[in-house]
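Undergrad: Residue numbers (this note's numbering), protein chains in the order written: chain A, 1 to 147; chain B, 1001 to 1147; chain C, 2001 to 2081; chain D, 3001 to 3081.
It should be emphasised that the hints constitute simulated quantities derived from the structure, not laboratory data.
Keep in mind that the hints are not guaranteed to be accurate.
Some chain A residues close to chain B (C-beta under 10 Å, calculated; not the full set) [to be verified]:
| hint | residue |
| --- | --- |
| 1 | P11 |
| 2 | R17 |
| 3 | E24 |
| 4 | S30 |
| 5 | A35 |
| 6 | A95 |
| 7 | C106 |
Just so you know, even glycine gets a beta-carbon here, dropped at the ideal spot from N, CA and C.
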Amino acid sequence: MITLTDQPFDPGEALNRFAAGRCESGAVASFLGLARGEAGQATALELEAWPEFTTSEIGRLVDEARRRFSLHDATVIHRTGRIAPGEPIVLVLTAAGHRREAFEACDFLMDYLKSRAPLWKKEFGPSGARWIEPTERDLADAERWRR
Amino acid sequence: MITLTDQPFDPGEALNRFAAGRCESGAVASFLGLARGEAGQATALELEAWPEFTTSEIGRLVDEARRRFSLHDATVIHRTGRIAPGEPIVLVLTAAGHRREAFEACDFLMDYLKSRAPLWKKEFGPSGARWIEPTERDLADAERWRR
Amino acid sequence: MIRVLLFGRLCDIAGWRETEVTPSPERLSDLKRRLAESWPDLALALGGAGVKVAIDRAVVHGDLPLPAGAEVAFMPPMSGG
Amino acid sequence: MIRVLLFGRLCDIAGWRETEVTPSPERLSDLKRRLAESWPDLALALGGAGVKVAIDRAVVHGDLPLPAGAEVAFMPPMSGG
């Protein structure tokens, strides 16, 4: 399931809901991305989405991850709007029979979200605002999954 | 922090507590291991520890992970005693500035826990009980981190 | 009429997020020329690295014809997570 | 006196988890010989692949001397998570 929300969300509650009743998935991996304060240099993030398009594009990738890593399930929750330092931005949850598949799928989905998902991120700080674009490392990370 | 407990624990609550107030850790990775029912072939697991030794050995590895992957923090919660299918066995939480370090540390700690931590696991089923030992894959996974 | 959507830094450059262009340009290149007349900075940015184009929510490449009533989105480099 | 601890399948084989051996065997090999007298199946299992030994909670290799009052733990292949 893909959720975009402009309200703070509760990662722990989402993890518990995702893991509940899984008697055959031995492995649940998760990644939680938090807004960084950059020691005062970032006072807020603003995340822009094109809601239906963003949701459907992330959904396509989640479907790809499910097939590619034989997942039992996967969920992405992504904040939009204004986000304060320390607040959750994104939560990716993957469930599989064994840990390798769960880890790799989580890693794959994060690499994709960082550089390919239709989301745009602006960082506000004492010296103004700037758009954050994928770093060289983000692009190299995403290339790992090409095949 | 290392916790061994013979009582069921709440992974979501642990994740939220671990993530709270982190304004400089952009990345929190986690792995949650659940007891598998193996389609009725496993009715319970029993995890045996040597409590102080197990805690201190896991603690040493968490310290190594902190240094090796420049972690901001790491936590392991491990169940002992009798565990029903679907119940959490282990939760590993890692916090770092960026996702690669958080993921790798989580992966490293799980590989270690699967094959090197002083814990012994017995699976009960309709046809009796058997001790679970690390699989070939578990051993190969742990070897990846040798250097 | 063609509906145009901008995202991310492209909105900041143009000063708008959504507009309509009438009468309909025939092709994507015609649309860009029309945008350049009113927003030369935007036109420059649209040619920048990593700007993707979606016509009716499908990402496209090259200079395609625009169906009547099409929605054209210009998307600068994406970065979530 | 030497305190001996067993874990995992070694407890199942011996039928106990903890015992004391008096008088103190001098070396680890002496201790194993003494255990073999009463629990031959255990002695066989102790020689199996992957059984680790800790003296006073430090994992050791080889036939070390045992300090008086030492605690010797025999640990079969470990598997958590």
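Undergrad: Take the hints in turn and mark each one as holding or not.
TA: Results of checking the hints against the structure:
1. P11: OK, holds: A:P11 within 10 Å of chain B, min 6 Å.
2. R17: Status holds, d = 8 Å.
3. E24: Holds, because the Cβ-Cβ distance from A:E24 to chain B comes to roughly 6 Å (cut-off 10 Å).
4. S30: 5 Å, holds
5. A35: Given a least distance of 8 Å, the restraint on A:A35 holds.
6. A95: This hint holds: A:A95 lies near chain B, its Cβ roughly 9 Å from the closest one there, short of 10 Å.
7. C106: 7 Å, holds
Violated hints for the displayed structure: none, as all numbered hints are satisfied.
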